[in-house]
Amino acid sequence: MTAIFFLIFAVFAVFCAINLVLQTHPIASALSLIGVMGALAALYLQLGGEFIAMAQVIVYAGAIMVLFVFVIMLLNAGAETPTIQVSRFVKYFGAILLLGFFALISFIILGPLPATEGVTFGAFQGTTLDVGRKLFTTYLLPFEVISVLILIAIVGAIVLARKEV
Amino acid sequence: MNAPVPLSWYLILSAILFALGVAGFILRRNIITVFMSIELMLNAVNLSFVTFSYQFKQVDGHIYSFFVMVVAAAEAAVGLAIILTVFKNRSTLMIDEVNSMKY
Numbered sequence: 001m002t003a004i005f006f007l008i009f010a011v012f013a014v015f016c017a018i019n020l021v022l023q024t025h026p027i028a029s030a031l032s033l034i035g036v037m038g039a040l041a042a043l044y045l046q047l048g049g050e051f052i053a054m055a056q057v058i059v060y061a062g063a064i065m066v067l068f069v070f071v072i073m074l075l076n077a078g079a080e081t082p083t084i085q086v087s088r089f090v091k092y093f094g095a096i097l098l099l100g101f102f103a104l105i106s107f108i109i110l111g112p113l114p115a116t117e118g119v120t121f122g123a124f125q126g127t128t129l130d131v132g133r134k135l136f137t138t139y140l141l142p143f144e145v146i147s148v149l150i151l152i153a154i155v156g157a158i159v160l161a162r163k164e165v
Numbered sequence: 001m002n003a004p005v006p007l008s009w010y011l012i013l014s015a016i017l018f019a020l021g022v023a024g025f026i027l028r029r030n031i032i033t034v035f036m037s038i039e040l041m042l043n044a045v046n047l048s049f050v051t052f053s054y055q056f057k058q059v060d061g062h063i064y065s066f067f068v069m070v071v072a073a074a075e076a077a078v079g080l081a082i083i084l085t086v087f088k089n090r091s092t093l094m095i096d097e098v099n100s101m102k103y
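Sequences listed follow chains A and B, in order.
Residue 41 in my numbering sits at position 41 of the first sequence, and the numbers go up by one each step.
Residue 80 in my numbering sits at position 80 of the second sequence, and the numbers go up by one each step.
Any given hint might turn out to be false.
Said to hold, decoys possible - Pairs of lysine-lysine residues, derived as DSS-like cross-links and limited to a Cα-Cα distance of at most 25 Å, are as follows:
#: 1; chain 1: A; residue 1: Lys163; chain 2: B; residue 2: Lys88
#: 2; chain 1: B; residue 1: Lys88; chain 2: A; residue 2: Lys134
#: 3; chain 1: A; residue 1: Lys163; chain 2: B; residue 2: Lys57
#: 4; chain 1: B; residue 1: Lys102; chain 2: B; residue 2: Lys88
What the hints assert, rightly or not - Just so you have them, the derived chain A footprint on chain B, three or more residues with Cβ under 8 Å:
#: 5; stretch: 7 to 15
#: 6; stretch: 59 to 65
#: 7; stretch: 81 to 90
Just so you know, the hints here were simulated from the structure itself, not pulled from any lab data.
Positions of the beta carbon are idealized from the N, C-alpha and C atoms, including for glycine.
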């Protein structure tokens, strides 16, 4: 049961990611990215990350992607037109190199994993209480620093995008 | 009915999404699509963080993932402001055509 849900959302996420890379119009890529984020939120729920799943849907899919869609609307971005011709050898070699890169990353991140480990839904719950407790005691300094970072980002965005007087 | 899903499956999915993000970052010419590939890479890393947080049964990975989301939000705001400025000055969104310092 857990495996079926994982496979459904994982296949959907990979399909949306491939769609993001292959689509020509940026708005289609933006909608595919929203699909990836929704599938990842479901996977976070399965891993017990209730707070992170909610934050993903509200902040990432609900605010950042809406910002992207607004910018695509403002810039009136159209579909890409291919101007350079790549040979078929380059395409196949690039696909093989991409698979090699993926194999390298998999080998590195699967290294520190114990052999018998499985995910069962409900074995671990990252509740908002636990996250808040850790965030305001152990990780208080990074929390304050990141607040300053957001302030810098706000000021920077306004300065960059304003009209020159 | 609730057989455990191997943890390595989540990490393989994270690696696939990261590799696809790298492919989109290198191959695409529209600057907004390049930026969205960066967001895809950040999401793949978030999945990896939450997976390892499950392995150790601690919420530290969730907190790192939260920080990654906040940094991604700040980066999206500033990056999109830069994209708007580039568009205002060069009137193009294709990164091939932004190829000289002096216009």
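Consistency of the hints with the structure:
A hinted pair counts as satisfied when its Cα atoms are at most 25 Å apart, and Lys163 (chain A) with Lys88 (chain B) qualifies at roughly 11 Å. For the proposed pair Lys88 (chain B) and Lys134 (chain A), the alpha carbon gap of about 44 Å is over 25 Å, so the pair is violated. With a C-alpha separation of about 50 Å, the suggested pair Lys163 (chain A) and Lys57 (chain B) falls outside the 25 Å cut-off, and the hint is violated. The suggested pairing of Lys102 (chain B) with Lys88 (chain B) holds, with an alpha-carbon distance near 15 Å, which does not exceed 25 Å.
Against chain A, the stretch 7 to 15 of chain B contributes 9 residues with a C-beta closer than 8 Å to a partner C-beta. That satisfies the three-residue criterion, and the hint holds. Under a criterion of three residues with beta carbons nearer than 8 Å to beta carbons of chain A, the stated coverage of the stretch 59 to 65 of chain B is upheld, 5 such residues being counted. Requiring three or more residues with a Cβ within less than 8 Å of a Cβ of chain A, the coverage given for the stretch 81 to 90 of chain B holds, as 6 such residues are present.
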